[in-house]
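There are 2 protein chains.
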Amino acid sequence: MGGDHGPGVTVPAALAALRRHASIKLILVGQRDALVPELQKQRAGESERLSIHHASQLVGMDEPPAQALRTKKDSSMRVAINLVKTGGAQACVSAGNTGALMATARFVLKTLPGIDRPAIIATLPTIQGHVHVLDLGANVDCTAEQLLQFAIMGSILVSSIEDNPSPRVGLLNIGEEDIKGNETVKGAAELLRNSKVNYCGYVEGDAIYTGDMDVVICDGFVGNVALKTSEGLAKMITHFMRQEFRRNILTKVAGLVSLPVLKSFHRRVDPRRYNGASLAGLNGVVIKSHGGADTLAFRYAIEEALNEVTKHFPEQINEKLESMLVKEGVT
Amino acid sequence: MGGDHGPGVTVPAALAALRRHASIKLILVGQRDALVPELQKQRAGESERLSIHHASQLVGMDEPPAQALRTKKDSSMRVAINLVKTGGAQACVSAGNTGALMATARFVLKTLPGIDRPAIIATLPTIQGHVHVLDLGANVDCTAEQLLQFAIMGSILVSSIEDNPSPRVGLLNIGEEDIKGNETVKGAAELLRNSKVNYCGYVEGDAIYTGDMDVVICDGFVGNVALKTSEGLAKMITHFMRQEFRRNILTKVAGLVSLPVLKSFHRRVDPRRYNGASLAGLNGVVIKSHGGADTLAFRYAIEEALNEVTKHFPEQINEKLESMLVKEGVT
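Line by line, the protein sequences are chains B and D. The opening residue of the first sequence carries number 3 in our numbering; numbering runs sequentially from there. The opening residue of the second sequence carries number 3 in our numbering; numbering runs sequentially from there.
Incorrect hints may have been included.
To be verified - Where chain D lies over chain B, by a calculated footprint (3+ residues, C-beta under 8 Å):
id	region
1	85 to 94
2	198 to 210
Claimed, not checked - Just a sample of chain B residues kept apart from chain D, beta carbon distances all over 12 Å, derived:
id	residue
3	L20
4	R45
5	D76
6	F109
7	K112
8	V142
9	N166
10	N184
11	K237
12	I239
13	Q245
14	L298
15	T312
Please keep in mind that the hints were generated in silico from the structure rather than gathered at the bench. Ideal placement from N, C-alpha and C gives every residue a C-beta, glycine not left out.
Extracted from the complex, chain B is given alone in its bound form:
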């Protein structure tokens, strides 16, 4: 139900995902009165692969998480997560209020043993492919131990989903030298060096996009600022580019001639293709879609859930966490 656009986006995205993936079944959780007309609009209906699970309440996009948790026991978000808990679903995908989704998922599903708090993992494009960055905003203050847990979860995500046996992990800092950074980062570096993570040292912000790392670790405050700053810069660049191509008749012609190039460029950095952040560290798969996601973007979020379920991401964390905390021979 959630997100800025509601069923107008989530329903067609669900139908698109069903068409592309013959193995999946989807449950639309939310107000039946809103979902049925949207299905009809798409000339679709309930079927063996697509069911509606009614939930009477909605969590507002700006509603405080604690309030949502206390007063919205029949919200689409809560009911969907309950389904994951009871085995009625294998994953929950939501474009709703991030804080409420995180709080509800933690409350209902609980974190996996050894994980203090879940983290939000996002995928971003790089010059060489893509990178996974966490935490993107679930934890404003982190301990060194939590940063280590993030590194392990990020490594397991990449190794299980991308068949990369030794993902390179960088720790976000304000310089690459050992003396740089705050105490938490220095403590995390120490823990990472002694862990089984393929730790490659400190990286600066620009390393997110070079593709030299498979996983970049940071606290949720820093990660969120890095992500939002990137969004802002990308918007500004697009804005300037449009302005320049629309300046006069000659530049408009240049724009027309360059249209295929510009389109192919935009496809490469299209944030919709990277939609679907993982709430990692929970006892179940929960995927957060961007609130403003369109149909294509929301379909990508559903596919991220499919990936994590198929590759048993939470189970992999549960199985491997303990053994990755400390290298053999380190006491």
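Given the coordinates of chain B, work out where chain D should sit on it, guided by the hints.
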């Protein structure tokens, strides 16, 4: 002497600045043996407006600040800052080691009364013009009081240099709602609301580039990550754009046709035009140029120094800080 390129960049940049600004005099501080040949190469020499002040040592780009401070008493950096201290110069511009520059400047010039630690202010382009962001990396951990001091210094920079009587100040956070953020940010918000700063509330990372703020405040860790992340993203976008325009003969033609548009676009976001970060809060003007600056970029850094000297930036902080800390009627 400093930076990645040394006198090969700083000398021609100095000559360019002298040509453009009839009122200024420049002192090249560094190894005479390196500076004289570079001047000759540029068909220039010492004059009434351009002198060489010999300094025998160099601070390495990766040298620990404490070591530079202790062992490099005749480095170009130290000697240049000493000149500011003794009145032999009104400003110091350096492309050298940031940490060493900051440590040396603090040690020699001292901070202004009421300023706990200096901050690095950078100027960045926005959709509507430009924005000043601080701190960009001088302070990895900040108190709420320091963030307030940053806000005041940023406001004074904008009001004195840009004749903007009431600069809009945003506090970088991971959401715009009051409940978001860590304790330091919440404490700073409280102080800012009670100050004479034109405080406009929390902003997220994307607000750096919208142009809705004149000043954005954050701790040095977050600011440095935001800046470096932006650099990385900009490089990736440029790389992809080049690749797409070079893909085949048709796209190359499109690139040729679009060349004036692309050039004019690049001019708008050219980071060289924004080179020259201010080390604010010191008893004197010290400007940090990007280490990789070219001649054009370094000239911009010299011009930033000229601006700050002309508009008496440190004196303005000294004069106004106290009165801006608390609003009338607040106790």
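We went through each hint and held it up to the structure:
1. 85 to 94: violated (count 0)
2. 198 to 210: holds (count 5)
3. L20: The assertion about B/L20 holds, with a minimum of 33 Å to chain D.
4. R45: It holds; B/R45 is separated from chain D by about 37 Å at its closest Cβ, greater than 12 Å.
5. D76: holds, 24 Å
6. F109: Holds, since 18 Å exceeds 12 Å.
7. K112: Holds, because the least Cβ-Cβ distance between B/K112 and chain D comes to about 23 Å, which exceeds 12 Å.
8. V142: Contrary to the label, B/V142 does not stay out of reach of chain D, its closest Cβ about 5 Å off (not over 12 Å).
9. N166: holds, 21 Å
10. N184: The claim is violated: B/N184 sits with its nearest Cβ about 5 Å from chain D, within 12 Å.
11. K237: Nearest chain D Cβ is 7 Å from B/K237, so the label is violated.
12. I239: The assertion about B/I239 is violated, with a minimum of 6 Å to chain D.
13. Q245: It is violated; B/Q245 is separated from chain D by about 8 Å at its closest Cβ, not greater than 12 Å.
14. L298: Answer for B/L298: holds, closest chain D Cβ roughly 20 Å.
15. T312: holds, 30 Å
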